[in-house]
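Chains as they are written, first to last, in this note's numbering: chain A, 1 to 85; chain B, 86 to 492.
Don't read these hints as lab results, they were simulated from the structure.
Any given hint could be a false lead.
Here are the simulated lysine to aspartate or glutamate pairs, DMTMM-like style, with alpha carbons at most 25 Å apart [claimed, not checked]: (1) A:Lys16 - B:Asp458; (2) B:Lys136 - A:Asp7; (3) A:Lys84 - A:Glu35; (4) A:Lys20 - A:Asp7; (5) A:Lys14 - B:Glu291; (6) A:Lys84 - A:Asp7; (7) A:Lys79 - B:Glu439; (8) B:Lys408 - B:Asp458; (9) B:Lys306 - A:Glu35; (10) A:Lys16 - A:Glu35; (11) B:Lys136 - A:Glu48; (12) A:Lys79 - B:Glu132.
A few chain B positions that, by computed beta-carbon distances, are all more than 10 Å from chain A [unchecked claim]: (13) Asp145; (14) Phe206; (15) Arg294; (16) Thr300; (17) Arg308; (18) Arg309; (19) Ala330; (20) Asp350; (21) Thr352; (22) Asp355; (23) Gly386; (24) Thr387; (25) Phe491.
All of these numbers come straight from a predicted model, not from anything done at the bench.
Every residue, glycine too, gets a C-beta built ideally from N, C-alpha and C.
For reference, the chains in residue letters:
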Amino acid sequence: MSDVASDVIAIIAKKKRVNKPNVELSDRLDDLGLESLDAVELIFDLEEKFDILIPFNANANDLLTNFDTVGDVINSIEKLVGKKS
Amino acid sequence: MRDVNRVVVTGLGAVSPIGQTAGSYWASLKQGVCGIGPITQVPTPEELTQKVAAEVKDFDPLKHFDERQISMLDRIAQFAVVAAREAIAQSAITFDMPLSVRTATIVGVGVGGQTTHDDSFRRIYRENKARVFPLTIPKLMVNASASQVSMHCGLRGPAFVVASACASATHAIGLAFHMVRSGQVDCAVTGGAEACITFGTLRGWEAMRVMAPDTCRPFSKDRRGMILGEGAAMLVLEPLERAQARGAQIIGEIVGFGMSADAADLTAPDLGGMTRAMEGALADAQLAARDIQYINAHGTGTTANDQAETQALHQVFGTQAGKLAVSSTKSMVGHALGASGALEMVATLLALREGIVPPTIGYLGPDPACDLDYVPNEARAMTIDAALSNSFAFGGLNAVLAVKKFS
Numbered sequence: 001m002s003d004v005a006s007d008v009i010a011i012i013a014k015k016k017r018v019n020k021p022n023v024e025l026s027d028r029l030d031d032l033g034l035e036s037l038d039a040v041e042l043i044f045d046l047e048e049k050f051d052i053l054i055p056f057n058a059n060a061n062d063l064l065t066n067f068d069t070v071g072d073v074i075n076s077i078e079k080l081v082g083k084k085s
Numbered sequence: 086m087r088d089v090n091r092v093v094v095t096g097l098g099a100v101s102p103i104g105q106t107a108g109s110y111w112a113s114l115k116q117g118v119c120g121i122g123p124i125t126q127v128p129t130p131e132e133l134t135q136k137v138a139a140e141v142k143d144f145d146p147l148k149h150f151d152e153r154q155i156s157m158l159d160r161i162a163q164f165a166v167v168a169a170r171e172a173i174a175q176s177a178i179t180f181d182m183p184l185s186v187r188t189a190t191i192v193g194v195g196v197g198g199q200t201t202h203d204d205s206f207r208r209i210y211r212e213n214k215a216r217v218f219p220l221t222i223p224k225l226m227v228n229a230s231a232s233q234v235s236m237h238c239g240l241r242g243p244a245f246v247v248a249s250a251c252a253s254a255t256h257a258i259g260l261a262f263h264m265v266r267s268g269q270v271d272c273a274v275t276g277g278a279e280a281c282i283t284f285g286t287l288r289g290w291e292a293m294r295v296m297a298p299d300t301c302r303p304f305s306k307d308r309r310g311m312i313l314g315e316g317a318a319m320l321v322l323e324p325l326e327r328a329q330a331r332g333a334q335i336i337g338e339i340v341g342f343g344m345s346a347d348a349a350d351l352t353a354p355d356l357g358g359m360t361r362a363m364e365g366a367l368a369d370a371q372l373a374a375r376d377i378q379y380i381n382a383h384g385t386g387t388t389a390n391d392q393a394e395t396q397a398l399h400q401v402f403g404t405q406a407g408k409l410a411v412s413s414t415k416s417m418v419g420h421a422l423g424a425s426g427a428l429e430m431v432a433t434l435l436a437l438r439e440g441i442v443p444p445t446i447g448y449l450g451p452d453p454a455c456d457l458d459y460v461p462n463e464a465r466a467m468t469i470d471a472a473l474s475n476s477f478a479f480g481g482l483n484a485v486l487a488v489k490k491f492s
């Protein structure tokens with residue numbers, strides 16, 4: 001697993017609201033109990049950690065960032081981190 | 086204590102992004118003028134993604150105050166005093182004794198003196214200055230708007246600021262209404278003010294991820310969220326008997342006020358809270374759902390608010406909901422937080438008086454989750470006997486006012 005992936009999983013693990021020992025790539029954020037404000041806080045933590053800008057508007061359906069599962073989050077972050085360098 | 090006074094509005098004042106008097110504000114509302122545009126008050130460097138707001142453009146404090154007064158007034162208090170002076174002048178009331186001590190000053194403020202806050206903190210944190218300006222604290226204190234209105238207008242009765250974020254002004258006006266109705270005071274100058282378009286505040290709103298990048302399209306398909314606004318609006322409230330005795334012009338009548346708290350999510354709207362506030366206002370007004378023709382909606386333009394508010398209107402009005410004209414004037418003036426309820430109350434009172442409903446502009450077409458009549462894009466002439474003005478705040482604090490055409 002890449003460094004980005006393990007960092008993202010660690011950040012999501014801190015935000016999850018369900019009693020589940022391991023966060024897996026196939027876990028949906030909804031199923032981890034993340035609510036709307038958790039999503040905003042999660043994005044903040046990810047932006048701070050990787051020094052990136054994540055385009056996200058809570059009112060838009062056509063998200064540039066598809067944050068359905070943990071794996072989706074990792075893919076998006078890896079792309080954004082890749083663009084930076 | 087009596088509880089029999091009918092409460093009428095005898096003066097209005099407004100400082101808005103689409104008019105710096107109540108009259109010009111109302112003329113723009115009827116024409117569907119949009120006050121949203123590129124931010125000019127603060128720099129908008131690349132890292133600031135929010136580039137638009139509804140600003141009070143070209144507001145010149147020197148037209149209203151001398152330099153010594155300006156040094157003591159944050160932009161928010163300038164707006165508040167200018168709107169209060171206009172409302173008092175329109176009502177043609179004189180606050181001599183004993184009326185001065187029998188008049189309340191109740192002003193809704195969401196966040197207060199943000200310009201002073203931002204400027205002072207930039208000096209010490211970014212510019213490493215050794216000190217801030219000596220009047221920093223009395224300028225930025227959240228009660229400053231009520232204090233300055235009371236001082237500038239000579240009002241010596243109960244005076245304070247009400248803070249409930251986006252519902253502040255509606256709570257303030259509602260409280261003033263109840264105080265005049267009960268006879269606790271003989272007059273009230275009440276409304277709301279906000280001046281929150283600063284770099285720090287914008288960054289805070291940006292981080293919430295609820296701001297639209299272009300404009301505010303309440304209840305519309307493809308809406309992208311809210312737009313920050315600023316301004317102030319003030320009303321003069323009096324008992325009907327007193328207003329008639331002095332031959333005052335009567336703009337409209339406030340008849341009900343309802344409040345509730347969601348006690349649920351910090352930011353997500355709550356159907357139960359919205360419903361209870363509207364039902365509370367109707368009950369306080371002794372009005373039935375079928376008596377209402379117009380709703381000035383909270384209508385922020387976020388997916389969540391507009392959908393929940395629509396559902397709450399269905400719940401309160403049942404089969405009548407489809408007959409209501411519902412509009413959000415935030416489509417034109419943005420969300421002025423603590424001032425919004427007062428700007429919307431002015432719009433609601435003038436809609437009743439003139440029989441013209443201001444539109445919801447920027448409307449692109451129906452969203453299946455928002456299935457009411459939102460008066461899209463153009464004002465509508467219609468007879469209105471009674472209306473509600475809704476305000477639902479972050480923190481789950483809700484306030485609704487009911488008004489009637491005066492007859």
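Hints and how they fare:
1. A:Lys16 - B:Asp458: Violated - the C-alpha atoms of Asp458 (chain B) and Lys16 (chain A) are around 40 Å apart, more than 25 Å.
2. B:Lys136 - A:Asp7: Between Lys136 (chain B) and Asp7 (chain A) the Cα gap is close to 32 Å, so the pair fails against 25 Å, i.e. violated.
3. A:Lys84 - A:Glu35: 29 Å, violated
4. A:Lys20 - A:Asp7: Given pair Lys20 (chain A), Asp7 (chain A) holds - Cα atoms ~18 Å apart, limit 25 Å.
5. A:Lys14 - B:Glu291: Given that 25 Å is the threshold and the Cα spacing comes to 23 Å, the pair holds.
6. A:Lys84 - A:Asp7: Since the Cα atoms of Lys84 (chain A) and Asp7 (chain A) sit roughly 17 Å apart, the hinted pair holds (cutoff 25 Å).
7. A:Lys79 - B:Glu439: 57 Å, violated
8. B:Lys408 - B:Asp458: 8 Å, holds
9. B:Lys306 - A:Glu35: 23 Å, holds
10. A:Lys16 - A:Glu35: This hinted pair holds, its Cα atoms lying about 9 Å apart.
11. B:Lys136 - A:Glu48: 22 Å, holds
12. A:Lys79 - B:Glu132: 20 Å, holds
13. Asp145: Answer for Asp145 (chain B): holds, closest chain A Cβ roughly 35 Å.
14. Phe206: 21 Å, holds
15. Arg294: 5 Å, violated
16. Thr300: 13 Å, holds
17. Arg308: 6 Å, violated
18. Arg309: Non-interface label on Arg309 (chain B) violated, nearest chain A Cβ at 5 Å vs cutoff 10 Å.
19. Ala330: 51 Å, holds
20. Asp350: 8 Å, violated
21. Thr352: It is violated; Thr352 (chain B) is separated from chain A by about 6 Å at its closest Cβ, not greater than 10 Å.
22. Asp355: 13 Å, holds
23. Gly386: 8 Å, violated
24. Thr387: 5 Å, violated
25. Phe491: It holds; Phe491 (chain B) is separated from chain A by about 39 Å at its closest Cβ, greater than 10 Å.
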